[in-house]
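Student: Given next are the chains, with one letter for each unit.
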Amino acid sequence: MSDDKMMIRVQGAAKRYLVGTVEVEVLRDINMGIREGEFVSVMGQSGSGKTTLMNLIGMLDSPSDGNIFIDGVDITGKSQKELVGLRRRTVGFVFQQFHLIPSLTAYENVALPLVFAGEKDQRAVTDALERVGLSHRREHKPAELSGGEQQRVAIARAIVMKPKILLADEPTGALDATTGSMIISLLRSMAGEMTVVMVTHNRELALHSDRIVNLKDGNIAE
Amino acid sequence: MHLHSLVLKDISRRKTKLLVAVLGVVVASAAIVAVVTTFSAATGSLYEESNNFGANIIVRPEVRTIPLVTGSTSMGSLFTGENYIEESEIANIYTIMHSSKLSVVAPRLYGVAELGNSSVVIMGVDPEQERNLKSWWNVKGNWISSEGLMHTEVMVGSDIATPMGLTEGSFITLRNGNTSIDARVTGVIESTGGSEDAYLILPLVASQHLLGREGKVSSLEVRALCNTCPVEEISMEIEEKFPGLEARSMSQIVRNELAMVEHTRSSAMAVSIITLLVSTLTVASTMLASVNEKLKEIGIMRAVGASDFQVVSMLFFEGAIIGAVGGIIGFIVGTIASSIAAPLLFQATPSPMWEILLPVTGICVLTGMLASVLPAKKALGIDPAEVLRSV
Chain A
1 MSDDKMMIRV QGAAKRYLVG TVEVEVLRDI NMGIREGEFV SVMGQSGSGK TTLMNLIGML
61 DSPSDGNIFI DGVDITGKSQ KELVGLRRRT VGFVFQQFHL IPSLTAYENV ALPLVFAGEK
121 DQRAVTDALE RVGLSHRREH KPAELSGGEQ QRVAIARAIV MKPKILLADE PTGALDATTG
181 SMIISLLRSM AGEMTVVMVT HNRELALHSD RIVNLKDGNI AE
Chain B
1 MHLHSLVLKD ISRRKTKLLV AVLGVVVASA AIVAVVTTFS AATGSLYEES NNFGANIIVR
61 PEVRTIPLVT GSTSMGSLFT GENYIEESEI ANIYTIMHSS KLSVVAPRLY GVAELGNSSV
121 VIMGVDPEQE RNLKSWWNVK GNWISSEGLM HTEVMVGSDI ATPMGLTEGS FITLRNGNTS
181 IDARVTGVIE STGGSEDAYL ILPLVASQHL LGREGKVSSL EVRALCNTCP VEEISMEIEE
241 KFPGLEARSM SQIVRNELAM VEHTRSSAMA VSIITLLVST LTVASTMLAS VNEKLKEIGI
301 MRAVGASDFQ VVSMLFFEGA IIGAVGGIIG FIVGTIASSI AAPLLFQATP SPMWEILLPV
361 TGICVLTGML ASVLPAKKAL GIDPAEVLRS V
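Line by line, the protein sequences give chains A and B.
Just so we're aligned: the first sequence equals residues 1 to 222 in the working numbering.
Just so we're aligned: the second sequence equals residues 1 to 391 in the working numbering.
Only chain A is shown next, with the shape it has when bound in the complex:
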């Protein structure tokens, strides 16, 4: 696979944390590539390093060793300021606990990335809400929305900047099976337009993706 067809490329990445005085290696020599528009599920048991891998790809964390290329750009060693700019333009996040800001309406939550990017034209917010089918709930605050609706708002927030990569960390973990399926369908519909990487425990849901990457004890066990 050549780099220009790869949206994400991880080369020999490792991540170690200090827990007290003990160094714990969470990820070891990870090598993988994800194509543009691909929908990939990352599976593994708790502590296998799924979320850490997601944070490395999402530029929320840096690898202790190795390199990560996003859309052909090596993000290793870039400054925090550069990473913030790159993250804004390239990555959208969806979390298990939705992580919406309670004091803001659905519309305002979705608008946040645009506000931080200094975008004055906020028509993309309406488009994103329409895309997740929540235009009619735009003025509602998170507490007034169901779990599924909150996660759809979170997805709208993740796609409002039209990112190249959508990272979803256990997006259905806090939802019932029916709502979870709806969310997966929504993510599935976005693959192609953007690269979708989803972390999940649920093999049934993972089967909706193009490919599954299994992590075991910090290593890829495909």
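Be careful, since some hints might not be right.
No farther apart than 27 Å at their CA atoms in a straight line, the calculated lysine-lysine pairs in the DSS-like style are these [claimed, not checked]: (1) A/K141 to A/K78; (2) B/K17 to A/K78; (3) A/K141 to A/K162; (4) A/K120 to B/K9; (5) A/K162 to A/K81; (6) B/K17 to A/K141; (7) B/K296 to A/K164; (8) B/K296 to A/K78; (9) A/K120 to B/K17; (10) A/K120 to A/K5; (11) B/K15 to A/K81; (12) A/K120 to A/K81; (13) A/K78 to A/K162; (14) A/K141 to B/K9; (15) A/K5 to A/K164; (16) B/K378 to A/K81; (17) A/K81 to A/K141; (18) B/K378 to A/K78; (19) B/K9 to B/K378; (20) B/K17 to B/K241; (21) B/K296 to A/K81; (22) A/K162 to A/K5; (23) B/K101 to A/K141; (24) B/K296 to A/K141; (25) A/K162 to B/K296; (26) B/K377 to B/K296; (27) B/K296 to B/K378; (28) A/K162 to A/K120; (29) A/K141 to A/K120.
To be clear, the hints were calculated from the coordinates, so they are not data collected in a lab.
Based on these hints, arrange chain B on the given structure of chain A.
Tutor: Frame of chain A, contents of chain B only:
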């Protein structure tokens, strides 16, 4: 939606918690405003009172005293020097540098005349200037006017009016050697406790004629308009400009009182500044608690694209809002407190000092921002990955 509207929404959500921080600023701002307003009113009132003291500079002919000594025995002193000021020189006093500060220049001529079988001290004055200087005199009847010698008018001090049976409308004849003046008593000055109680006061021209001192005056009483003007400098300038004259400042008492007010003001201001420091700590601690509460939100914001600068700006803006609201409320509270305290402490009536509203609010805004430094540092240390993982 803008970055600032995010902060305002957050403030409105947590207004009860932020009230403590605002109250801290209110206390500091109110203390500063109350101190400044109260002491400003006290100083103003003191100066106003000092104006009621009358003259604050007395100009006299310089008199030198030469001790007379024979061997080891003192024979007393010999006074030398001109005893009168030329009336024609009075106008020149307005040529000094601080002439705009001179509100009253009142000439006086003292002497002794015969009234019936008694001797009385007469004081010749410029009625118009004297009236400006002695505004607190209560005259039973009318003030004298500056009419000519044909219709001389006099006022009588309370100590001589009763024994001599003088009342408003009495006619008297004053004599000095071969010179005499017929005059009408226009009024009796109620006792002031001062030397004027024993004086007979008449227009300067009449006194000069009676005493045979045409064109002469004994002294000048000067009142300089003085809230900030340097009375001593004016006195020195008069002495330099008019060799042979001696100008004495009478502001010592006022200065002592002002020094006392100033000392009290400094102490009160020190307490206010300590209050401001305590308020900074209150705001800082409230905002630090607020950052701790908002760890997750800050983590989310950073994950969805907030830069370090934006996170810090939001916290500084929050601090500034707390400072501004606290500053304005504090101004109102301080002004009300001052309107209660000033009359009780200094018998002064303060007016709201609108001119300090902006500086005080500015100080409070800076305080709020300063208090945001530590919380901002903490916010910048938040690792979004860690925060989002742990919640």
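Student: Each hint: holds or not?
Tutor: Here is what the structure says about each hint:
Under the criterion of a C-alpha separation no larger than 27 Å, the hint pairing A/K141 with A/K78 is inconsistent with the structure, at around 36 Å. A threshold of 27 Å between alpha carbons decides the hint, and for B/K17 with A/K78 the separation of about 39 Å lies outside it, so the pair is violated. Distance hint between A/K141 and A/K162 is fulfilled; the C-alpha atoms sit about 23 Å from each other, no more than 27 Å. Taking the CA atoms of A/K120 and B/K9, the gap is about 19 Å. The hint holds against a cut of 27 Å.
Pair hint A/K162 plus A/K81 holds up; C-alpha atoms about 20 Å apart against a cutoff of 27 Å. Distance restraint check for B/K17 and A/K141: the Cα-Cα separation of roughly 21 Å lies within the 27 Å cut-off, and the hinted pair is therefore satisfied. The hinted pair formed by B/K296 and A/K164 meets the criterion: a straight-line CA distance of about 25 Å does not exceed 27 Å. For the hint pairing B/K296 with A/K78, the CA-to-CA distance comes to about 25 Å; that is within 27 Å, so the pair holds.
Note on A/K120 and B/K17: the hinted pairing is violated, with a Cα-Cα distance of about 32 Å set against a maximum of 27 Å. In summary, the hint linking A/K120 to A/K5 is not supported, as the alpha carbons are separated by about 33 Å, beyond the 27 Å threshold. About 32 Å separates the Cα atoms of B/K15 and A/K81, which puts this hinted pair outside 27 Å; it is violated. Straight-line distance between C-alpha atoms of A/K120 and A/K81 comes to about 21 Å, which keeps the hinted pair within the 27 Å bound.
Distance hint between A/K78 and A/K162 is fulfilled; the C-alpha atoms sit about 23 Å from each other, no more than 27 Å. In summary, the hint linking A/K141 to B/K9 is supported, as the alpha carbons are separated by about 12 Å, within the 27 Å threshold. With a CA separation close to 13 Å, the supplied pair A/K5 and A/K164 stays within the 27 Å bound. For the suggested pair B/K378 and A/K81, the alpha carbons sit about 18 Å apart, so the restraint of at most 27 Å is met.
Restraint check for A/K81 and A/K141: not satisfied, since their Cα atoms lie roughly 31 Å apart, outside the 27 Å limit. Restraint check for B/K378 and A/K78: satisfied, since their Cα atoms lie roughly 22 Å apart, inside the 27 Å limit. The straight-line distance between the Cα atoms of B/K9 and B/K378 is roughly 22 Å, inside the 27 Å bound, and the hint therefore holds. Simply put, B/K17 and B/K241 have alpha-carbon atoms about 68 Å apart, too far for the 27 Å limit, and the pair is violated.
A C-alpha spacing of about 20 Å is found between B/K296 and A/K81, which places the hinted pair at or below 27 Å, so the restraint holds. Note on A/K162 and A/K5: the hinted pairing holds, with a Cα-Cα distance of about 19 Å set against a maximum of 27 Å. With a CA separation close to 68 Å, the supplied pair B/K101 and A/K141 exceeds the 27 Å bound. With a C-alpha separation of about 17 Å, the suggested pairing of B/K296 with A/K141 holds against the 27 Å cut-off.
For the given pair, A/K162 sits about 24 Å from B/K296 by alpha-carbon distance, which is consistent with the 27 Å threshold. A C-alpha spacing of about 16 Å is found between B/K377 and B/K296, which places the hinted pair at or below 27 Å, so the restraint holds. Annotation: proposed proximity of B/K296 to B/K378 holds, straight-line Cα distance about 13 Å (limit 27 Å). Annotation: proposed proximity of A/K162 to A/K120 holds, straight-line Cα distance about 16 Å (limit 27 Å).
Only pairs whose Cα atoms come within 27 Å are accepted, and A/K141 paired with A/K120 is accepted, the gap being roughly 22 Å.
Against the hints set out earlier in the document, violations occur for numbers 1, 2, 9, 10, 11, 17, 20, 23.
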